[in-house]
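**Q** Here is what each chain is made of, one letter per residue.
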Amino acid sequence: MDEELFRQTYSIHGRDFDKAGETAAHIKQILRELGLDAGLVHRAVIIAFEAEMNVVMYADEGTVTFTLTEDALKLEIADQGPGIEDIELALTEGYSTATDQMREMGFGFGMGLPNIRKNSDDFNLVSEVGKGTTVSAMIQLNSSA
Amino acid sequence: MPELTHGFKIDRDKCDGHLACMRACPTQAVRVREGKAHVLPDLCVDCGLCLTACPSGAIRAETRSFAEFDKFKYKVAVPSPVLFGQFPMAVGPGHIVAGLLGMGFDAVWDFTVELALVNRAILDYVERWEGPFPLLSVSCPVVVRLVQVLYPSMVDQLIRVQVPRELAGLEAKQKFSEQLGIPPDDIAAIYITPCQAKSISILKPAEGAKSNLEGALGISDVYNNILALTHTLQEDQVQLASNHSICSGAMLRWTINEAQGQILQRHRYMSVTGLANVIQVFDDIEKGKLRNIEYLECDACWGGCIGGNLTVDNIYVTRSKLHRLLAEVPAAAPQVQAEVERRYPATDFSLKGRVRRRTTNDGPTDLRERVRRMKVEEAVTRALPGLDCGLCGAPSCGAFAKDVARGTGQRSDCVFLREGRLRELKTTYLSRRKKPPEIGEQFGVSPPPA
Amino acid sequence: MKLTEIKDLLRCDVLTGGDDLSMEIETVVASDGMSEILAFAYPGALMLTGLTNVQSVRTADIAQVRAIIYIRGKRPDAKAVNLARENNIPVLVTTLGMFDVCGILRDAGLKGGM
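Chains as they are written, first to last, in the working numbering: chain A, 46 to 190; chain B, 2 to 451; chain C, 26 to 139.
Heads up, none of these hints are tricks.
Subject to a maximum C-alpha distance of 25 Å in a straight line, what follows is the list of computed SDA-like cross-link-like pairs (lysine to any residue): (1) B/205 / B/43; (2) B/288 / B/29; (3) B/288 / C/46; (4) B/37 / B/423; (5) B/290 / A/70; (6) A/163 / C/89; (7) B/290 / B/357; (8) A/119 / C/89; (9) C/104 / A/60; (10) B/376 / A/116; (11) B/376 / A/185; (12) A/73 / A/112; (13) B/288 / C/102; (14) C/27 / B/125; (15) A/73 / B/155; (16) A/73 / B/289; (17) A/73 / C/68; (18) B/290 / C/113; (19) B/290 / A/87; (20) B/288 / C/89; (21) B/376 / A/84; (22) C/99 / A/150; (23) B/288 / C/38; (24) A/64 / C/111; (25) B/290 / A/77; (26) B/290 / C/50; (27) A/119 / B/368.
What follows is a list of derived Cβ distance ranges for each label pair: (28) B/423 / A/185: 46 to 52 Å; (29) B/430 / A/110: 45 to 51 Å; (30) B/420 / C/107: 38 to 44 Å; (31) B/58 / C/47: 46 to 52 Å; (32) B/269 / C/104: 31 to 37 Å; (33) C/29 / A/132: 47 to 53 Å; (34) A/138 / C/47: 35 to 41 Å.
Simulated from the structure, these hints should not be mistaken for lab results. Glycine included, every Cβ here is placed at the ideal spot set by N, Cα and C.
Whenever a hint applies, use it, and build me the whole structure from the sequences.
**A** If you want it as structure tokens, here you go:
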């Protein structure tokens, strides 16, 4: 069944390093409250946190939309950022276009997108240079049961 | 799910709808509707705090009478060691055992050996256990039920070693069955209990198995009988009974707090008593603190079992008496040690079933329903003042929001959400009240002329 | 090895979590890259990092590490320490550098997180 049970959208502000991570923390709280499997929550939170950090580092504005159906948990992260030129390359572990400043924040070592993909059952990345990037990640609810 | 058995009854006629029991309940299991308290059986852990808190005396512990065991041919009393610290010093263990026999018991079982066996089994278990830590003691049934209801993620930390009273019941029946040549079913092993919770755990063990004991009588139920009989006892009766009574201090020491601390000296051991303290420590464990404690002994009653709700004397007097008794009995009788060595390899310490999390109304319904409840709960919580006034009949705004979400409470029960609610409460509560006498009348003075 | 022993070995200051330093540590993950830790750290590891912002604590929480030691004497700000306290993660600081810290802990018998 694809019917949506729950949907919440969070706005993420670019360069707001202080608040980065709060969305992931909130999503974690909701998933825990709903009593979902701990391993599954762990994966979802890593996806949300990495995606959130990407938006904060590269884009001006973005959103994280978290939806729940009976079988799946979906996270869609959309930003109005610079876009990704070579998606294949961006998904390679270690590849990064981060600035020194970003690295000083502990991110931008070329692990973010691969981490998201690793923790998803289904992963999709659409990007247009100059317009923005949308990452969709899906976790099956019965996958780690 | 069949309704759980609990040992407390609320007398609806006596209940004045005070919110005291509701506020005292550590698991938020009490609701007050239309001016009368009732219990949510899934959440009740049999701690008995509501009984102590009730100002109207409307809550009482259900007890059994000795006559109920008349159908058995042979009745064995299995007294909790706490019993021996309840009487005046002049009434020694011999008198108490003789008193139990005088009451109609055919034998009294001293479970020093079972205590020693269980102590050793616990030590072995702790040494083999690889985690998660800490292991939790299971001797207090309230603690076991508390874990099942409020700390379901910790159920596997409950140590899977049977409690001494259960081993004693089994052994007593076997021994007397052989000795007397009658089937074990004709023998009743009856625990003399310091608290209601243990009596319920015998009726309905948390692990879902059948108890080895046939039932329990409260210490307060046998106290007067024993005390009355002690005056008529002959010295030789007492002397004879003494031989059957406490043969080592180990049994008494068990009842004085931190009993297992001595056995687990070389391990990281901690003891907590009092339900509020136990809850505080469990919260810490759930948060990931205290991972370094290996064994946690916990008792719901402050001061341990000597503080049980069916005891007679206060815990300080009891403890003092037990210390004096300890000085009079040998610390370790050699025959106990020999018996422990003989029985240990052959004893089955395992619990007969698994202690599982108790499914409560919050429990795993389908995801759709969980999401719906979460949304309702959030919406209701936003509308509430967070004062936890209790006038809705739930112990806190949070509990109320949960009740509404699961359909057992209504928004309109909150005085902040519906003005009429206060009027209704006035009708319910004020109409019930007997009109107090005028101040002057009370002292036989007529009011001054206007 | 106990966290207290590690604390003495590296001469650490304790910023929070002081009551539970007797916890057992077997594995360590060391990185300034947070994704690195999220990708590989095993639950229960000790995290060594030079990154002192609030994200280091969030990462520690998500990756379920047991304790954090900040290196080169860098101290996290109050916000980060508070978040660690809320999440029950002990936070320590050593003046030693990453290379030395790793060497010392390895010599003491600790293993990498993967």
